[in-house]
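*Asks:* Here is how the chains run, residue by residue.
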Amino acid sequence: MGLLSDPNRRKAITSLLTRLNTPICVVCYLAGIAWFMGLAFEPFTLRTYMSENAMGSTMVEERFPSGERALATAREFAAHKKKVGGMPVDWLVKTMRAQGLEVFTQSFSRNLPFPDESKERFVVRGTNVYGILRAPRAPRTEALVLSAPCSPGNSNNQAVGLLLGLAQYFRSQIYWAKDIIFLVNEHDLIGVQAWLEGYHHTNITGMGYTPLQGRAGSIQAALSLELNSDVVTSLDLVLEGLNGQLPNLDLANLFHAFCQKLGILCTIQGKLQRSDWDTVEGYTHSAQTMLLMVLKQASGRPWGEHGLFLRYHIEAASIRGVNSFRQYKTDATSIGRLFEGMVRKLNNLLERLHQSYFFYLMPSLTRFVSIGYYMPAFGLLTTILLLRALDLWVHLGTPTPVTEDGVGEGESPSSPGLLSVLTPVVISHLTGVALYTLPVLSQEMAVEHFPVSETEAVVLTAIAIYTAGLALPHNTHRLISGEGTEQGWRVLKLVALLYLAVLLGCTALINFSLGFILAVTLVPAAACVTPHVPKALSAVAMVLLSPGCTILYCVFLFQELQEVPVSLAEGWMLFLSVISQGILDHALYGSLVYPLLALLVYPCWLLFWNILFWK
Amino acid sequence: MVLLFVCFCLFVCFSLLVLLELSLMLALLTKATQFFSSGHTNNWAVLVCTSRFWFNYRHVANVLSVYRSVKRLGIPDSHIVLMLADDMACNHRNPKPATVFSHKNMELNVYGDDVEVDYRGYEVTVENFLRVLTGRLPPSTPRSKRLLSDDRSNILIYLTGHGGNGFLKFQDSEEISNVELADAFEQMWQKRRYNELLFIIDTCQGASMYERFYSPNIMALASSQVGEDSLSHQPDLAIGVHLMDRYTFYLLEFLEDIHPASQANMNDLFKVCPKSQCVSTPGHRTDLFLRDPGSVLITDFFGSVRKVEITREAINLTNPTELSLRNELKSEALFYVDQLPVADIIHQKPKQKDWHPPDGFILGLWSLILLVFFKTYGIKHLKHIF
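Going down the list, the sequences are from chains E and Z.
Numbering that gives the first Met the number 0 puts the first residue of the first sequence at 0, with every later residue one more than the last.
Numbering that gives the first Met the number 0 puts the first residue of the second sequence at 0, with every later residue one more than the last.
Possibly wrong hints are sitting among the right ones.
Stated by the list, open to error - Heads up, simulated SDA-like pairs for lysine to any residue below, C-alpha to C-alpha not over 20 Å straight-line:
no.	chain 1	residue 1	chain 2	residue 2
1	E	Lys-93	E	Arg-68
2	E	Lys-260	Z	Phe-253
3	Z	Lys-274	Z	Leu-289
4	Z	Lys-95	E	Glu-61
5	Z	Lys-95	E	Gly-269
6	Z	Lys-190	Z	Asn-216
7	E	Lys-295	E	Arg-62
8	Z	Lys-274	Z	Pro-259
9	Z	Lys-95	E	Arg-170
10	E	Lys-328	E	Asn-227
11	Z	Lys-95	E	Glu-339
12	Z	Lys-95	E	Gln-272
13	E	Lys-260	Z	Gln-233
14	Z	Lys-168	E	Asn-52
15	E	Lys-328	E	Gly-269
16	Z	Lys-95	E	Val-342
17	Z	Lys-95	E	Arg-62
18	Z	Lys-168	E	Leu-349
19	E	Lys-82	E	Gly-152
20	E	Lys-260	E	Gln-272
21	E	Lys-295	E	Gln-272
22	Z	Lys-144	Z	Gln-186
23	E	Lys-260	Z	Lys-274
24	Z	Lys-95	E	Ser-171
In short, the hints are calculated from the structure, not lab data.
Using the sequences and the hints, build the whole thing.
*Replies:* As structure tokens, this is what we get:
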């Protein structure tokens with residue numbers, strides 16, 4: 000007889016399962032955390048290497064000469080920007096046309112659901128200016144994009160200046176096989192989103208824009224510049240994009256190869272690589288870099304302009320110039336040469352970047368961990384949920400001889416099962432829907448009655464609905480049939496555990512960091528909660544492990560890792576702004592973190608909260 | 000006494016003269032035998048570059064440098080089949096359009112302005128290559144795409160690209176194996192399409208490609224042994240690619256010193272690019288070749304040397320009628336072997352041969368049948384039949 004169909008053997012296995020359940024769960028949890036932290040340890044990581052043949056074996060001498068002229072252009076740009084009080088569209092168009100590019104503009108406008116703290120108005124209007132450098136001998140089938148944002152005030156002038164300098168230099172070369180688009184966009188990410196939507200003829204986010212007059216073919220790769228000063232000490236690479244999507248690792252390898260060739264310091268997450276991996280400080284440094292990447296990826300927001308390109312399968316990265324207190328400074332000519340080299344190598348591409356990894360974590364710029372190595376950490380956490388579910392299934396299958404009331408005994412397991420489970424599930428999800436829709440919808444009413452701004456109204460409404468959900472079990476007890484039965488809460492917990500496992504699994508496949516962070520806090524809560532644990536203590540523990548508090552911890556951790564620690568009050572304000580930014584990102588760019596948390600994760604957590612207050 | 004002495008001197012002088020003349024004649028004879036020893040009357044070259052894409056610039060430069068040497072040494076374009084899998088000179092990424100350089104700092108442009116490419120781009124496939132070698136081309140193929148060699152042709156075949164143990168990659172999508180190549184050469188031998196063949200290959204693990212040859216009169220050279228990679232020579236930082244492979248680079252340097260009258264032989268060619276320069280170990284194979292490699296001139300394969308003998312004495316031409324009589328007598332002795340034994344293939348009705356009595360097997364078979372027949376039906380029944 001088979002292992003599972005032999006009743007004796009099955010009983011032996013199930014008894015083993017129920018006996019050893021808790022120890023195995025604890026071991027799995029600790030192993031999962033340890034595995035994750037061990038990923039930053041250098042011997043467990045791989046060295047990065049260039050996978051694409053077309054980019055690896057070609058080496059070019061960079062000859063960009065005019066860094067100083069680029070800086071002069073930047074000063075001119077700054078002057079015109081101040082004169083116009085926004086984006087100097089006419090000056091940009093005139094300059095690009097003088098360089099021989101085909102220049103076009105695009106105007107866009109967007110109604111924000113509520114005014115952002117930085118924008119403080121409901122409607123954002125702007126213009127994008129882009130010039131196309133046509134490849135002299137190639138057909139117009141492929142393109143590369145170089146973009147620099149036009150930011151208000153005094154920031155990013157040098158980026159636009161360098162962009163224009165590069166455009167002039169590139170115009171006089173004959174070896175371009177792809178068209179190059181030089182994009183200067185207004186209002187940062189909103190401008191980029193409008194341009195991309197116009198370029199690809201889509202309308203995902205409800206943006207209003209004029210159609211693009213000039214087009215260059217399918218975009219193979221994009222680079223975004225952010226430069227604030229004339230000289231930089233290091234260049235920072237930003238990879239995390241919308242919804243935690245990452246560009247192909249070859250782009251990071253390309254950046255690193257050129258930094259090494261030109262002798263420029265390059266960093267990732269703002270941290271330089273250390274060579275002492277076997278010391279505690281070295282390990283902590285790598286772990287900090289990796290945790291920063293995990294937190295940034297989990298937030299689901301695009302951390303640079305490149306983040307919005309990734310949705311269209313365009314490999315993109317942002318390069319940020321950092322001017323810190325170091326002796327060795329790099330001038331604009333070297334940065335220009337770096338970009339020249341990178342664009343020239345991207346020019347040699349024959350297909351889109353696809354040879355290297357798309358899912359990875361980087362403890363430093365030269366070391367990476369691929370999905371095959373980091374997924375087991377998450378798998379170990381999910382195993383806990385499955386073990387608990389199995390345990391419950393076994394218990395449900397064999398009715399216990401002693402019950403507190405005689406109602407549950409003798410009944411088949413499924414009859415109080417599904418129907419009674421349906422009610423808490425529906426109620427929790429309705430709360431989730433309320434959490435998703437009400438904050439934005441009711442901001443007007445809130446502003447009427449309370450002395451708060453719209454942003455604060457939205458955020459505070461969200462928090463209010465979140466805490467109101469905590470009171471649900473008291474109010475909905477009457478509606479739940481099979482109330483107070485042992486079977487009832489077991490079935491509910493079984494359903495909730497499986498639901499959570501599927502949810503976290505799907506999230507981790509798309510955005511590993513988000514799935515892992517949610518798993519770290521939700522899995523212990525889900526595994527341990529029963530109606531029999533002491534109520535007050537476990538209620539506090541459940542609240543502390545809820546998704547909202549997870550976001551709070553992440554905010555504090557992020558600040559800590561950035562070496563800008565904040566006090567409790569500042570942290571709270573940051574937390575509120577993170578929530579508002581999340582809602583805004585969802586409305587503007589289609590980020591999925593806020594709907595995921597509100598519509599799926601929060602109701603799941605509410606189910607466990609219901610189980611806690613089952614009696 | 001004096002008479003004797005004079006006779007003796009005369010005798011010595013006479014013998015010396017005779018010896019001198021004999022040695023002269025011997026020298027002339029060896030020179031003459033050497034002169035006519037190679038046995039070929041025309042030269043062909045098949046030069047193939049099998050890889051495409053911009054970063055494989057060096058393979059095209061390899062083939063073009065061999066093309067340049069071969070053309071310089073006298074083989075005309077009509078006798079060269081040049082197959083290039085991609086166009087590097089007019090590639091969009093080439094900062095120096097219409098040129099293909101073999102030395103950095105752009106010393107030598109091997110593309111020139113009189114290149115004739117016979118198979119270009121996607122026409123360079125395994126099938127086309129094998130058809131060129133075996134001559135099985137559709138009737139519409141132009142002459143420039145055919146290898147019109149005969150049994151007195153010396154053919155140089157040069158292949159370069161990406162290869163592995165036992166195969167050569169064509170166009171990033173298909174491969175030719177060493178077995179196929181050996182069979183193609185055997186087909187060429189059976190169809191009398193070459194007199195002698197020199198096969199040079201510059202790929203990784205190139206020696207594996209000549210391991211399987213089994214036809215006579217083939218000499219093979221490769222740039223690396225099995226398990227070794229052939230390395231590229233030098234990158235040019237203005238163009239941004241590696242310009243040549245090491246083996247062909249030093250081969251080109253060697254060939255630049257060869258002129259049509261040069262007496263360099265194959266042993267010098269085997270010494271091209273030792274391990275110190277090439278990093279890989281070049282190999283060669285001469286066991287199938289009938290002549291001694293030391294007596295084979297480089298120009299036997301790389302050049303197209305017309306053999307001219309200047310004679311200062313009058314030659315007596317015999318009467319043409321006498322000549323024809325003599326030829327008739329000899330005409331029966333020479334004939335071509337049946338190149339396509341149709342009778343074997345189609346199983347035609349055999350011609351009327353003399354009757355032979357049935358041999359043992361047929362006899363035994365029939366006796367067995369008869370025995371069985373009689374056993375079954377019994378002898379006694381025979382009386383009723385007969």
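*Asks:* All hints are to be evaluated individually against the structure, with a verdict given for each.
*Replies:* Verification of the supplied hints:
1. Lys-93/E x Arg-68/E: At roughly 17 Å apart (the allowed maximum being 20 Å), Arg-68/E and Lys-93/E satisfy the hint.
2. Lys-260/E x Phe-253/Z: 35 Å, violated
3. Lys-274/Z x Leu-289/Z: Roughly 28 Å separates the two Cα atoms, so the pair is violated.
4. Lys-95/Z x Glu-61/E: 16 Å, holds
5. Lys-95/Z x Gly-269/E: Violated. Lys-95/Z to Gly-269/E sits at ~40 Å, over the 20 Å cutoff.
6. Lys-190/Z x Asn-216/Z: 14 Å, holds
7. Lys-295/E x Arg-62/E: With a Cα-Cα distance of about 36 Å, the restraint between Lys-295/E and Arg-62/E is violated, given a limit of 20 Å.
8. Lys-274/Z x Pro-259/Z: 28 Å, violated
9. Lys-95/Z x Arg-170/E: 16 Å, holds
10. Lys-328/E x Asn-227/E: 14 Å, holds
11. Lys-95/Z x Glu-339/E: It holds: about 18 Å lies between the C-alpha atoms, which stays within 20 Å.
12. Lys-95/Z x Gln-272/E: Outside the cut-off at roughly 40 Å; violated.
13. Lys-260/E x Gln-233/Z: 18 Å, holds
14. Lys-168/Z x Asn-52/E: 16 Å, holds
15. Lys-328/E x Gly-269/E: Roughly 16 Å separates the two Cα atoms, so the pair holds.
16. Lys-95/Z x Val-342/E: 19 Å, holds
17. Lys-95/Z x Arg-62/E: Holds - the C-alpha atoms of Arg-62/E and Lys-95/Z are around 16 Å apart, at most 20 Å.
18. Lys-168/Z x Leu-349/E: 19 Å, holds
19. Lys-82/E x Gly-152/E: 11 Å, holds
20. Lys-260/E x Gln-272/E: Given pair Lys-260/E, Gln-272/E holds - Cα atoms ~16 Å apart, limit 20 Å.
21. Lys-295/E x Gln-272/E: Roughly 19 Å separates the two Cα atoms, so the pair holds.
22. Lys-144/Z x Gln-186/Z: 19 Å, holds
23. Lys-260/E x Lys-274/Z: 30 Å, violated
24. Lys-95/Z x Ser-171/E: Distance ~14 Å between Lys-95/Z and Ser-171/E Cα, so the pair holds.
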